[in-house]
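There are 2 protein chains.
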Amino acid sequence: MLNNIKIVLCNTSHNGNIGSAARAMKTMGILNLVLVNPVAIPDDHTMALACNAADVVREAKIVTTLEEALSDTVLAIGMTSRKREYTPHLTTPKGIIPEIFSSIASGDKTAIVFGSERFGLSIEELEKCNRLVTIPGNPEYFSLNLSQAVQIMCYEVYNKYNGSVAHLEQNTRLGSFADNQGILNQLELILSYANYKNKDPIRTRRRLQNILHKANLEREDVDLLRGMLKAIEVRVK
Amino acid sequence: MLNNIKIVLCNTSHNGNIGSAARAMKTMGILNLVLVNPVAIPDDHTMALACNAADVVREAKIVTTLEEALSDTVLAIGMTSRKREYTPHLTTPKGIIPEIFSSIASGDKTAIVFGSERFGLSIEELEKCNRLVTIPGNPEYFSLNLSQAVQIMCYEVYNKYNGSVAHLEQNTRLGSFADNQGILNQLELILSYANYKNKDPIRTRRRLQNILHKANLEREDVDLLRGMLKAIEVRVK
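These protein sequences, in sequence, are chains W and C. When you line the first sequence up against my numbering, it's residues 14 to 250, in that order. When you line the second sequence up against my numbering, it's residues 14 to 250, in that order.
Misleading hints may appear alongside valid ones.
Said to hold, decoys possible - Subject to a maximum C-alpha distance of 27 Å in a straight line, what follows is the list of computed DSS-like cross-link-like pairs (lysine-lysine): (1) W:K227 - C:K227; (2) W:K227 - C:K141; (3) W:K107 - C:K173.
Everything labelled a hint here was simulated from the structure, so no lab data went into it.
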């Protein structure tokens, strides 16, 4: 489905930015790059910054006009950081994501279009886009690097596509209610052997209980703590 | 409130990344940078990449241990892109944002902690963090540049802080229901003068009506179209 999305860079001036943008795209599973009339032609510096996304640069299409880049697209999203006239309603990355997904899910092509580093998209380029997006940011210094803007859009797309990080999660089993009660009971027993003075045992137990709730103990944690408490219990008995 | 957040970079190897990270931070209104035992010391290249965020680099604190960087923080969020043992429950940027805001809103400090470019955070560094975050991404190529990861976290923070882009929006007044009806009536009149054959005028009007609904005409668009239709009407009458 992400194959229905392309990143279109217009009049890019810096070789390095093309490489960084390619890397940003590939980390988020977006592989189609189109360069419209680039000032900078991809070179060794581009490839160095692309790292293992050099394939995205090599397979990039280079065209001379934005019309060519957009000819098969239904959604053409122009990125801006300035106030513009005669444009579609302005929205944000988070605001446009549902429309991108309803479009690409039905097989339509979406282009996300970025202007040159210095000037952004021209009026002529913007008027070929049917959606307008800006990234919210510090009004006193809003000067996102091109590849950073590409990164943010691709990140939002990937998050909607697959926001799960389950593959990095531990397969841990958490302790049960009874495990927690066992720990508290054993601790209270030890404290009684130790003649610990407690004016409000109910309140104390409630607080300890709450610590255990927050700690989200794993089964292995429970076993470890019970073993320690057992050693102390034997000693203080 | 964003002043309660700091970005902590551990053992950063490349001068340029410190500058790019500073720029990424400032675009999102986050100005506190801490460098823990940096391999690269900020230099001219750093400043060049920082652009107008050179102040963030100049005011960065340099410390020798992560403990110093975290001493005043309540939330210490370790960033990882690998599976880790003995860590807090793993979540995502979007997942951690509510907790960051409930913490900084009550005046507590949050640190977002990034490891070295090559190895990420060490086990010793991670165990000092009480939260663990990973950015969802392409499982076949997940190699985000350091400053891109900083950008995404700062972007998510700023979005929650102020996701409004109203300052870039046009102050336009949209056309009313009556404006749209006026256009349709005038068009039907012209078509009748032109002897346009229409087998199903109700259905046709419904479709034209729907085009106008979607077009979200501004008052100025209405005036322009009415003027054009008037000229045609006079001519075909």
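Hint by hint, here is what the structure shows:
Restraint check for K227 of chain W and K227 of chain C: the C-alpha separation of about 50 Å exceeds 27 Å, so the hint is violated. For the proposed pair K227 of chain W and K141 of chain C, the alpha carbon gap of about 18 Å is at most 27 Å, so the pair holds. Restraint check: the Cα-Cα separation between K107 of chain W and K173 of chain C comes to about 11 Å, which is no more than 27 Å; the hinted pair holds.
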